[in-house]
Amino acid sequence: MADRIHTMTGSAAPTAIAVADGVIVALGDRADVRDWRGPGTEIVDLGPATITPGLVDGHFHPVTGIGLTRGVDLSGVRTLDGLKAALKAAAVAPGGWIEGWGLDPNAFEDAPITHAPLVEAAGPDVPVFLLLFDGHSALVSPRALELAGITGPREFPSGAGVVCGADGRPTGHLLELDAFSLVRRLLPADAPAARRERLRDLLDRMAATGLTAADAMDFEEDSLELFRALEDEGDLPVRWRCAPFVMPGAGAGGLDDVIARQGLSGRRWRVEGAKFMIDGTIDGGTAWLDEPDTHGESTACLWPDPAEYAAAAHRLAGHGVPIVTHAIGDAGIRYVLDTYAGLPRTRAPHRIEHLETMPSELIGRFAELDVTAGMQPTHCTHYTRADHSDNWSTRLGKRRADRAFRARDLRDQGARLTLGSDWPIAPFDPRAIIAAARLRRPAGRADVEPILPEQALTAEMALEGYTTEAAAAAGRSGRLVPGQRADLTVFGLDPLTADPDEFAESPVHLTVVDGTVTHRSQ
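Position 175 of the sequence shown, counting from 1, maps to 175 under the UniProt record's numbering, and the rest follow consecutively.
Don't take every hint at face value.
With a straight-line Cα cutoff of 20 Å, these simulated EDC-like cross-link-like pairs (lysine to aspartate or glutamate) come out [stated by the list, open to error]:
#, residue 1, residue 2
1, Lys84, Asp125
2, Lys398, Glu454
3, Lys398, Asp290
Restraint-style ranges between C-beta atoms, simulated for each label pair [as the list claims (entries may be wrong)]:
#, residue 1, residue 2, range
4, Asp290, Ala13, 54 to 62 Å
5, Gly152, Pro192, 35 to 43 Å
6, Thr151, Ala229, 39 to 47 Å
7, Gln484, Gly234, 22 to 30 Å
8, Glu308, Gly38, 57 to 65 Å
Simulated from the structure, these hints should not be mistaken for laboratory data.
Just so it is clear, CB atoms sit at the ideal spot from N, CA and C, and this is done for glycine as well.
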């Protein structure tokens, strides 16, 4: 029982909900509860709290993320002096490595992104691997380059690259997975028990923020072993829908493997979907834009031949596999929409993720083609600025930066819009993300100017992005009605009426999955 229960059905709000065997069996008022009681019934009165459908993060990297978030957290670094100070204080990992993650390229301001500050902070003989905030590039030291045998430019089957200076020598900046994996594979591995502990801790922290489920945009490395091992220990506190990666050069064997993995599942996880990337990032110059960025970059598809991407998507969709594609630039988004127009429908709709800059003529095609738009509001509020002085905006130029992160335009034109974090690229707390979707600035930062405030979502739209819209993206309801599974989030404040900055700090009293409490505040 609670003062407010948002069923997301549009009908009158009840104040009591009954659950049996993990399923919602009744809705009503507090007075109805005495008629629902039976042997062993537990009655919980949450007083002035608000119950919503369980929150779902629409874009997450759980297993990849626990491997990428090793070493020093650099997400708070804003200057080169701050970077050097953080590296000097960093603990050295086994093998003599210094690792870090979350580095924002804006810390370099107008200076080139090179390993010079790494050498100054750690010396010339220390191997250093720093993942940039976008997860698509890394900065490594000269010693790390030497250990990996990287002495100059490389060609890759994707749009990856080794950035070199005018002298042809690597600067330490490695673009995209194929390039930085040359160094990352040299890093000391975590023990399986340590990885299980890190993943279990991550899931517990997610549940503490009100998350009941998430879409995992990968199913790589030891994902299968980790999910099975954790379920051997007990039920997962968060349920997962996983989409394995399909990278350029996967070939027929790689596609067959993705098809075969669609049948894998556990009590609270399943594999359903395939994750592609049509381009990289604007910050790294690897997005696919109609026109080059101000550096003359971001002009090509991540796939050397885009037709191979389209053929792979057609083959998988023909086997009933929902397609998810990372598409950031306008040319990439257009190509993916054109590809989806010819794909067979699957149980869950196909979707496009990120959608950072696009012209108006593409907006209406999402509803027209029944394509889910997946967006992460804190990508906008954490990494761009209203005055366009950030790296992302200056690379695009004002015209394209002004048509960025168009969440409200998509909703107003009928698109299905699911919200999420893209953790570890940005923090996963849904309260702050819901607030950012409404404010177009970081929660709790009234001193920061909103970024394109006309793209702000209403309170209802923001909550839908984590409930009904996210559920519809997976082919489910996401509403609190009898017969639906009992996934619930209980807040101290009402997300539909509370001030967004205050809601970002709202206590989460309970998180419930399948009728079982996965988090309870003290």
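Evaluation of the provided hints:
With a CA separation close to 16 Å, the supplied pair Lys84 and Asp125 stays within the 20 Å bound. Distance check on the hinted pair: Lys398 and Glu454 sit about 16 Å apart at the alpha-carbon level, within 20 Å; holds. Under the criterion of a C-alpha separation no larger than 20 Å, the hint pairing Lys398 with Asp290 is consistent with the structure, at around 15 Å. In this structure, Asp290 and Ala13 break the distance hint of 54 to 62 Å, their C-beta atoms being roughly 46 Å apart.
For Gly152 paired with Pro192, a C-beta distance near 37 Å keeps the hint of 35 to 43 Å intact. Remark: the range hint 39 to 47 Å for Thr151 to Ala229 is upheld by a beta-carbon distance near 40 Å. The supplied range of 22 to 30 Å is met by Gln484 and Gly234, whose beta-carbon atoms lie about 24 Å from each other. Separated by about 59 Å at the C-beta atoms, Glu308 and Gly38 satisfy the suggested range of 57 to 65 Å.
The structure is inconsistent with hint 4 alone, although it conforms to all the rest.
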